[in-house]
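**Q** These protein sequence lines are chains F and A, in that order.
Going by our numbering, the letters in the first sequence line up with residues 1 to 280, in that order.
Going by our numbering, the letters in the second sequence line up with residues 1 to 773, in that order.
Check before you lean on any hint, since a few could be wrong.
Unchecked claim - Cut-off 20 Å, straight-line C-alpha distance, at most; resulting in silico cross-link-like pairs (SDA-like, lysine to any residue):
| hint | chain 1 | residue 1 | chain 2 | residue 2 |
| --- | --- | --- | --- | --- |
| 1 | F | LYS280 | A | LYS438 |
| 2 | A | LYS693 | F | MET85 |
| 3 | A | LYS693 | F | ASP255 |
| 4 | F | LYS2 | A | GLU108 |
| 5 | F | LYS280 | A | GLU108 |
Said to hold, decoys possible - Each pair of labels, with its calculated beta carbon distance range:
| hint | chain 1 | residue 1 | chain 2 | residue 2 | range |
| --- | --- | --- | --- | --- | --- |
| 6 | A | LYS16 | F | ALA241 | 53 to 59 Å |
| 7 | F | VAL105 | A | GLU562 | 43 to 49 Å |
| 8 | F | SER233 | A | ASP432 | 51 to 57 Å |
| 9 | F | GLY248 | A | LEU131 | 44 to 50 Å |
| 10 | F | GLU13 | A | GLN56 | 47 to 53 Å |
| 11 | A | TYR431 | F | ALA241 | 22 to 28 Å |
| 12 | F | TYR155 | A | LYS428 | 31 to 37 Å |
| 13 | A | GLU182 | F | LYS82 | 54 to 60 Å |
| 14 | A | GLU427 | F | ALA279 | 40 to 46 Å |
| 15 | A | LYS172 | F | ASP255 | 50 to 56 Å |
It should be emphasised that the hints constitute simulated quantities derived from the structure, not laboratory data.
Note that CB positions come from ideal geometry on N, CA and C, so glycine has one too.
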Amino acid sequence: MKDFKYFKPSSLEEASRLLLQYGEAASILNGGTDLIVRMHEGLSHPEAVIDIKGIGGLNEITFDKETGLTIGACVTMKEMEKHPMLLEKYRVLAEACHSVGSCQVRNRATMVGNITNASPLADTATPLLALDAFVQVYASEEGIREISIHDFFVYVRKTCLKAGDIVTGVRIPNYDENVFGHYQKHARRDAVDLSTVCASVVKVGGKIRIALGSVAPTPVRLWQTEAFLEGKSLNPEVIEAAAKIAVGEVNPITDIRATKEYRQEIVGVLVKRGLEEIAK
Amino acid sequence: MKYVGTSVNRVDGIKKVTGALKYVDDLKLARTLFAAVKRSPHPHARILKVDIAKAQSLPGVKAVITGKDVSNRVGLYLEDKTFLATDKVRYRGEAVAAVAAETKEIAEAAVALIQVEYEVLPAVTNAVEGLKPDAPLVHPDLGEYHYGPIFFPEPGTNISNHYKIRKGDAEKAFNEADYVVENSFFVPHIQHCPIETHSAIAQMDVDGSLTIWSSCQSPYAVRKALSVAFNLPLNKIRVLSPAVGGGFGGKAGTTLEGILIPLAMKAKGRPVKLTYTREDEFVNSFVRQGMHATIKTGINKDGKIVAVKNTFIWDGGAYTEYGVNIVRAGGYGSTGPYDIDNVWTDSICVYTNHPVGGPYRGFGMSEIHFAIEQNIDMLAAQIGLSPIDIRRMNGLKPGGRNATGQVLEVCGLQETLEDVVDKLNWEKEDYDLNKGIKPNKVRGRGIACGFKAPSMPNDVASSAIIKLNEDGTAHLLVSAQDIGQGSDTVLVQMAAEVLTIPPDKITIKTGDTDHTPYEWQTVASRITYCAGNAVVKACEDAKEQLMELAQIKLSVFKRDLELCDEYIVSKLHPDKRVAIKELALGLSMSDGSGIHGPIIGRGSFIPPNVRNTDKQTGQGEKPVAFWTYGTQGVEIEIDTETGKLEVLKVASSFDVGKVINPKLIEGQIEGGILQGLGSAIFEELILDNGVVKNPNFVDYKIPTSDDMPEMIISFIENEEETGPFGARGVAEPCMVPTPPAIANAVFDALGIRITTLPITAEKILKALKEKNK
């Protein structure tokens with residue numbers, strides 16, 4: 001690992017200023033479970049590491065009926081997976097958090113870190129896509145703004161964030177009833193593995209929403225499949241047909257973990273199983 | 001027996017669970033320099049020029065070496081390697097140069113400054129291709145290499161050992177058999193994945209004596225290799241192995257030590273340290289060889305196997321100094337635990353431009369049994385026998401003969417088979433395998449037998465010293481290494497049993513070639529047996545000395561004395577007794593004089609009467625010290641939509657002769673099952689033109705505690721005549737049957753055969769789709 005400067009700013013202004021000052025050579029340190037590994041492996045060489053854990057107010061989970069659920073940037077996956085509000089109203093997200101890495105990793109890792117990495121297989125991305133979440137971003141000029149999660153992911157390891165931007169949290173709208181449906185992760189091994197394909201198939205406000213990971217350059221929402229399901233009752237034929245549309249809607253690749261063809265198979269299975277669960 | 005056969009707590013347990021035990025990387029010596037290694041980016045290339053000038057002039061760099069500094073060839077069985085590449089590189093990652101510097105960062109920066117010019121050569125990246133006459137030669141100088149007389153390299157080819165079995169007349173038997181079936185299998189390269197990566201420190205004193213601290217299984221083997229490589233006398237080399245965090249074969253022989261010595265020689269007395277990264281561990285230490293197997297079998301309608309022809313082609317990698325013996329073991333074990341009259345085997349070790357193949361728990365047996373045990377099931381299916389009955393009929397029994405023609409007096413295979421059949425309720429009609437099964441799931445069960453012998457030179461030696469202290473405690477000195485398997489505890493138990501001194505009063509010291517006596521290597525499932533025999537002999541020697549003194553002290557004939565709970569006691573008049581501690585430093589006479597002096601027991605052992613096999617036919621009466629037999633059965637569940645496989649239950653039974661420590665042996669079997677399970681469904685080094693694509697735990701998966709199945713572990717105890725207390729080894733055999741048992745269960749569940757490891761969900765789903773087409 002190369003030498004670097006370590007900063008622990010106590011305000012967003014200060015953090016943003018440092019980010020602008022170092023530009024591309026700066027990295028935000030949050031849980032560190034990705035950054036430190038990448039630095040050790042020589043994949044990242046930041047000149048400045050800016051630790052945002054000294055900034056107050058980023059480690060809270062808050063809820064009100066108007067705005068919904070807000071999860072601060074520094075909230076760990078461990079805190080999320082056992083949070084009563086998440087478990088009750090947004091269970092799919094708690095399940096996705098629980099599927100990440102090991103207990104040790106989840107004690108440090110954050111959801112905001114997970115999505116800002118913009119891995120196509122980020123476990124927490126698909127529930128956020130399914131739930132129409134908003135990413136809250138601070139920039140020194142404009143203060144806090146919200147970006148729709150649907151605009152957030154741009155490409156493999158690339159988000160729409162600009163220099164100086166700091167994600168302060170994620171907001172999920174309030175839904176009158178609890179989100180129904182589960183997070184599904186298909187991986188080579190049940191524990192401590194990356195998703196070969198992951199899926200959030202949920203029912204919110206009477207609508208079915210489907211988001212998949214590891215099937216395209218970014219995690220994706222399956223709009224066509226959802227449109228097909230609109231207004232239909234979930235009988236076996238409809239489910240079968242929806243699974244087929246889902247397979248056609250994604251574009252996975254072959255890599256070291258699985259072939260494109262196998263991923264397509266699994267997309268069909270996870271969508272089918274997700275819908276069957278909802279139809280129960 | 002008071003101590004042998006009981007679950008004595010691990011003698012190293014407290015230090016290990018509290019983290020107090022110091023491993024090599026924990027050792028902080030004053031003024032240590034840190035090494036870094038320049039490695040080849042090509043799988044096969046001629047080295048044209050190595051320019052170290054820039055590296056040498058970097059501030060903080062104390063020594064830079066290249067292949068010129070280590071040109072002596074070394075190797076355990078075939079001297080085919082140098083510690084750094086000299087004329088050419090033969091695998092991607094091979095060491096070309098190395099640096100010692102004040103810090104690791106400086107050493108790494110210096111390595112980046114070393115410039116190497118290569119002429120890239122065509123590479124051998126498949127063992128079968130490597131056998132073709134026009135294949136590039138990995139070792140053109142093979143004809144000049146030294147090797148042991150039991151190996152058969154073929155200069156001018158890539159074959160570094162061609163081991164043959166020619167028993168009976170296989171061709172004739174094929175012609176007469178009712179059916180002749182041929183099946184092929186493939187086992188990929190895998191890695192040991194010890195929790196502690198390789199680590200070593202070397203220091204050369206001004207008087208020319210060399211000290212090496214190394215995380216190694218075999219301090220004496222390291223000492224010998226270094227002596228040959230660097231022309232140093234053995235009395236000038238001291239190898240210490242303070243603790244080993246898992247070996248599984250990967251820390252047998254020598255790996256990184258040889259890179260450190262030439263650096264230490266130039267470091268003016270300063271210690272030089274190198275600890276492998278996980279990526280190094282995957283690529284630059286030993287890996288398990290890949291293997292292509294083809295088995296042709298002649299079988300009669302009644303189920304009797306009359307002939308086999310085996311072709312095992314091993315992907316030995318760039319150097320096969322150790323691998324040639326795995327190939328030999330694969331040859332003399334080539335029938336598996338079956339009694340077959342006509343056998344033709346070619347077990348061929350092929351040089352490739354892949355990472356270096358070497359010892360891995362099982363030493364060839366896991367690889368060949370994946371093929372043999374599936375083949376047996378395939379034969380059973382063909383002629384309509386149950387997988388159990390075909391093994392009952394053809395499996396070895398006492399008085400039977402194995403591939404080398406050896407008559408087996410003691411053989412508990414059939415007992416282990418029946419034990420597993422019973423434990424899994426295999427033949428109970430009311431047993432419901434599918435109890436509680438969910439939709440989209442199917443279950444299956446599979447069984448596999450296995451055997452293994454210690455694969456080692458015939459005359460390998462062990463020794464032990466026991467020193468009695470004046471308070472009745474003792475020190476046991478051996479160089480058998482506790483690499484996690486529990487040998488420290490088991491050897492202490494044996495000493496305790498002979499001397500009647502409780503285990504907690506015996507301290508065991510290991511792993512220091514200057515102070516602990518000779519042990520060949522901690523490999524081959526041989527320590528309980530070989531080192532155990534040496535310990536028993538040492539303690540009997542001490543006991544004999546105690547008896548001599550006691551008969552004077554007590555005026556009782558030696559023949560009427562026995563040891564009992566730390567005393568020498570008259571068998572006839574138990575009140576006549578003297579404490580061991582009173583005699584520990586010799587016998588004090590009533591006039592104040594003394595005789596004899598301290599009691600020090602000495603024991604040496606070589607397995608008796610193990611002899612070479614015939615060079616042409618591979619036949620021999622006793623080619624190995626002993627065989628360990630066993631059976632495992634599994635129950636699995638498969639998701640038919642995703643192919644995902646879960647192992648639900650494993651029953652394991654081995655004939656271990658005598659269980660020395662029930663708790664430890666259970667742990668060892670559990671570990672073996674998990675390692676077998678990992679190699680069955682997860683593990684594979686993915687190689688692409690000589691490049692390991694997954695040298696990390698992100699993409700090379702091993703089982704977690706979450707993958708542990710229910711394990712039913714039992715033992716058969718047919719005593720090993722020459723074993724200590726009747727014990728034989730089981731460290732490696734216990735992972736041998738697991739993968740084929742799982743493969744056989746996949747067939748039972750779905751009617752598909754996965755003939756290559758690992759059995760991934762993707763392979764299962766693909767095969768299932770093909771079948772349902």
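**Q** For every hint, state whether the structure bears it out.
**A** Results for each hint:
1. Restraint check for LYS280/F and LYS438/A: satisfied, since their Cα atoms lie roughly 15 Å apart, inside the 20 Å limit.
2. Distance check on the hinted pair: LYS693/A and MET85/F sit about 42 Å apart at the alpha-carbon level, beyond 20 Å; violated.
3. The straight-line distance between the Cα atoms of LYS693/A and ASP255/F is roughly 11 Å, inside the 20 Å bound, and the hint therefore holds.
4. Of the supplied pair hints, the one linking LYS2/F and GLU108/A holds, its CA atoms being roughly 11 Å apart against a limit of 20 Å.
5. Of the supplied pair hints, the one linking LYS280/F and GLU108/A is violated, its CA atoms being roughly 59 Å apart against a limit of 20 Å.
6. For the pair LYS16/A and ALA241/F, the beta carbons lie near 58 Å from each other, so the given range of 53 to 59 Å is met.
7. In this structure the supplied range 43 to 49 Å is violated for VAL105/F paired with GLU562/A, their Cβ-Cβ distance being about 59 Å.
8. Checked against the hint of 51 to 57 Å, the pair SER233/F and ASP432/A fails, with Cβ atoms roughly 37 Å apart.
9. Evaluation of the 44 to 50 Å hint for GLY248/F and LEU131/A yields a pass: the beta carbon distance comes to about 46 Å.
10. Separation of GLU13/F from GLN56/A is about 49 Å and conforms to the stated range, judged on CB atoms against 47 to 53 Å.
11. Separated by about 41 Å at the C-beta atoms, TYR431/A and ALA241/F break the suggested range of 22 to 28 Å.
12. Checked against the hint of 31 to 37 Å, the pair TYR155/F and LYS428/A fails, with Cβ atoms roughly 58 Å apart.
13. Here the CB-CB span from GLU182/A to LYS82/F is close to 57 Å, well matched to the stated 54 to 60 Å.
14. For GLU427/A and ALA279/F, the hinted distance range of 40 to 46 Å is satisfied, since their beta carbons lie about 42 Å from each other.
15. Take LYS172/A and ASP255/F: their Cβ atoms lie about 52 Å apart, and the range 50 to 56 Å holds.
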